[in-house]
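Chemist: This is what each chain is made of:
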Amino acid sequence: MSDKTKLLLVDDESDLVQLVCLRLNTAGYEVAVAYDGQEALDRVKQSRPDLIILDLMLPKMDGYKVCRLLKFDERYQKIPVLIFTARAQAEDIKLAMDCGADAYLTKPFEARVLLAKIKELLDTAKTAGKKD
Amino acid sequence: MESDILTVRQVAELLHLHAMTVYRLSKEGKLPGFKVGGRWRFRRDAMESWMVDRAQVAKLEAENLRFQRGDP
Numbered sequence: 000m001s002d003k004t005k006l007l008l009v010d011d012e013s014d015l016v017q018l019v020c021l022r023l024n025t026a027g028y029e030v031a032v033a034y035d036g037q038e039a040l041d042r043v044k045q046s047r048p049d050l051i052i053l054d055l056m057l058p059k060m061d062g063y064k065v066c067r068l069l070k071f072d073e074r075y076q077k078i079p080v081l082i083f084t085a086r087a088q089a090e091d092i093k094l095a096m097d098c099g100a101d102a103y104l105t106k107p108f109e110a111r112v113l114l115a116k117i118k119e120l121l122d123t124a125k126t127a128g129k130k131d
Numbered sequence: 000m001e002s003d004i005l006t007v008r009q010v011a012e013l014l015h016l017h018a019m020t021v022y023r024l025s026k027e028g029k030l031p032g033f034k035v036g037g038r039w040r041f042r043r044d045a046m047e048s049w050m051v052d053r054a055q056v057a058k059l060e061a062e063n064l065r066f067q068r069g070d071p
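For the protein sequence lines, the chains are V and W, in the order given.
Residues in the first sequence are numbered from 0 upward in steps of one, following numbering that gives the first Met the number 0.
Residues in the second sequence are numbered from 0 upward in steps of one, following numbering that gives the first Met the number 0.
Simulated from the structure, these hints should not be mistaken for lab results.
Treat the hints with caution; some may be incorrect.
Claimed, not checked - In silico DSS-like pairs for lysine-lysine, Cα to Cα no more than 27 Å straight-line:
{"id": "1", "chain 1": "V", "residue 1": "K77", "chain 2": "V", "residue 2": "K116"}
{"id": "2", "chain 1": "W", "residue 1": "K58", "chain 2": "V", "residue 2": "K118"}
{"id": "3", "chain 1": "V", "residue 1": "K116", "chain 2": "W", "residue 2": "K26"}
{"id": "4", "chain 1": "V", "residue 1": "K118", "chain 2": "V", "residue 2": "K3"}
{"id": "5", "chain 1": "V", "residue 1": "K59", "chain 2": "V", "residue 2": "K129"}
{"id": "6", "chain 1": "V", "residue 1": "K70", "chain 2": "V", "residue 2": "K125"}
{"id": "7", "chain 1": "V", "residue 1": "K3", "chain 2": "V", "residue 2": "K93"}
{"id": "8", "chain 1": "V", "residue 1": "K3", "chain 2": "V", "residue 2": "K70"}
{"id": "9", "chain 1": "V", "residue 1": "K116", "chain 2": "V", "residue 2": "K3"}
{"id": "10", "chain 1": "W", "residue 1": "K58", "chain 2": "V", "residue 2": "K5"}
{"id": "11", "chain 1": "V", "residue 1": "K118", "chain 2": "V", "residue 2": "K93"}
{"id": "12", "chain 1": "V", "residue 1": "K64", "chain 2": "V", "residue 2": "K44"}
{"id": "13", "chain 1": "V", "residue 1": "K3", "chain 2": "V", "residue 2": "K77"}
{"id": "14", "chain 1": "V", "residue 1": "K70", "chain 2": "W", "residue 2": "K34"}
{"id": "15", "chain 1": "V", "residue 1": "K59", "chain 2": "V", "residue 2": "K125"}
{"id": "16", "chain 1": "W", "residue 1": "K34", "chain 2": "V", "residue 2": "K129"}
{"id": "17", "chain 1": "W", "residue 1": "K29", "chain 2": "V", "residue 2": "K125"}
{"id": "18", "chain 1": "V", "residue 1": "K118", "chain 2": "V", "residue 2": "K129"}
{"id": "19", "chain 1": "W", "residue 1": "K29", "chain 2": "V", "residue 2": "K59"}
{"id": "20", "chain 1": "V", "residue 1": "K77", "chain 2": "V", "residue 2": "K118"}
{"id": "21", "chain 1": "V", "residue 1": "K70", "chain 2": "V", "residue 2": "K44"}
{"id": "22", "chain 1": "W", "residue 1": "K26", "chain 2": "V", "residue 2": "K59"}
{"id": "23", "chain 1": "V", "residue 1": "K70", "chain 2": "V", "residue 2": "K116"}
{"id": "24", "chain 1": "W", "residue 1": "K29", "chain 2": "W", "residue 2": "K58"}
Bear in mind that the values here come from a model prediction, so they are computed numbers and not experimental data.
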């Protein structure tokens with residue numbers, strides 16, 4: 000079994016998924032992909048990721064609901080959720096945070112900003128895990 | 000008040016494309032449209048999100064090229 004850090008990337012835009020995956024793989028992460036909200040929940044249950052990168056506008060179930068369902072579930076609530084979305088309004092950010100998201104990144108972003116945010120969230124989760 | 004739903008003509012104007020191009024891209028699943036009684040319609044927020052995603056793809060493609068070349 001791989002001991003690489005596992006990320007789940009959730010976005011319905013296949014070109015974007017491919018490019019982000021490529022960069023995350025290069026950075027040493029193992030990446031699973033889901034293209035809609037329901038698939039994201041199924042993937043989390045199948046193989047618990049260390050962090051979830053989640054778009055908000057998704058088919059079947061939007062990212063807000065996915066985030067809320069995960070954060071209200073004791074089994075998954077400690078998995079950091081990084082929202083990355085085109086929605087840049089203050090109310091969108093507030094709604095995502097109210098759903099329990101750990102961080103918010105507005106598209107279009109630079110890959111290095113995404114990588115830095117992922118590292119920061121993983122480090123925070125690791126520190127919190129040690130305290131528990 | 001702006002409508003939340005756009006027609007092919009409005010999407011063509013928004014993207015500065017010919018209406019036929021919008022039809023073709025929609026049929027190919029490359030634009031986030033849906034059909035109502037055989038006519039294409041587009042949610043404004045879905046189009047806005049789609050445009051940002053295309054900008055994000057372009058940005059990452061350019062970054063990947065620089066990354067592969069080893070540019071700073």
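Chemist: Given the hinted pair W/K29 and V/K59, is their alpha-carbon gap at most 27 Å?
Modeler: Holds. W/K29 to V/K59 sits at ~18 Å (cutoff 27 Å).
Chemist: Would you check the hint for V/K77 and V/K118, treating anything up to 27 Å between C-alpha atoms as holding?
Modeler: holds, 16 Å
Chemist: Would you check the hint for V/K116 and W/K26, treating anything up to 27 Å between C-alpha atoms as holding?
Modeler: Violated, at about 37 Å.
Chemist: Measure nothing beyond the straight line between the CA atoms of V/K64 and V/K44; if it is 27 Å or shorter, mark the hint as holding.
Modeler: Holds. V/K64 to V/K44 sits at ~16 Å (cutoff 27 Å).
Chemist: With a cut-off of 27 Å on the C-alpha distance, tell me whether V/K77 and V/K116 pass.
Modeler: It holds: about 17 Å lies between the C-alpha atoms, which stays within 27 Å.
Chemist: Taken at face value, is the distance from the CA of V/K118 to the CA of W/K58 at most 27 Å?
Modeler: holds, 21 Å
Chemist: For the pair we were handed, V/K59 and V/K125, check the Cα-Cα distance against 27 Å.
Modeler: Given that 27 Å is the threshold and the Cα spacing comes to 32 Å, the pair is violated.
Chemist: Hinted pair, alpha-carbon criterion (27 Å max): V/K70, V/K125. Please report holds or violated.
Modeler: Distance of about 17 Å is within 27 Å: holds.
Chemist: Within a Cα-Cα threshold of 27 Å, do V/K3 and V/K93 meet the stated pairing?
Modeler: violated, 32 Å
Chemist: If you draw a straight line from the CA of W/K29 to the CA of V/K125, is it 27 Å or shorter?
Modeler: Violated - the C-alpha atoms of V/K125 and W/K29 are around 40 Å apart, more than 27 Å.
Chemist: So if I understand the rule, the pair passes when the alpha-carbon distance is 27 Å or less; does V/K70 with V/K116 pass?
Modeler: holds, 19 Å
Chemist: Going straight from one Cα to the other, do W/K34 and V/K129 come out at no more than 27 Å?
Modeler: violated, 52 Å
Checked against the numbered hints given earlier, this structure breaks hints 3, 5, 7, 14, 15, 16 and 17; the rest are met.
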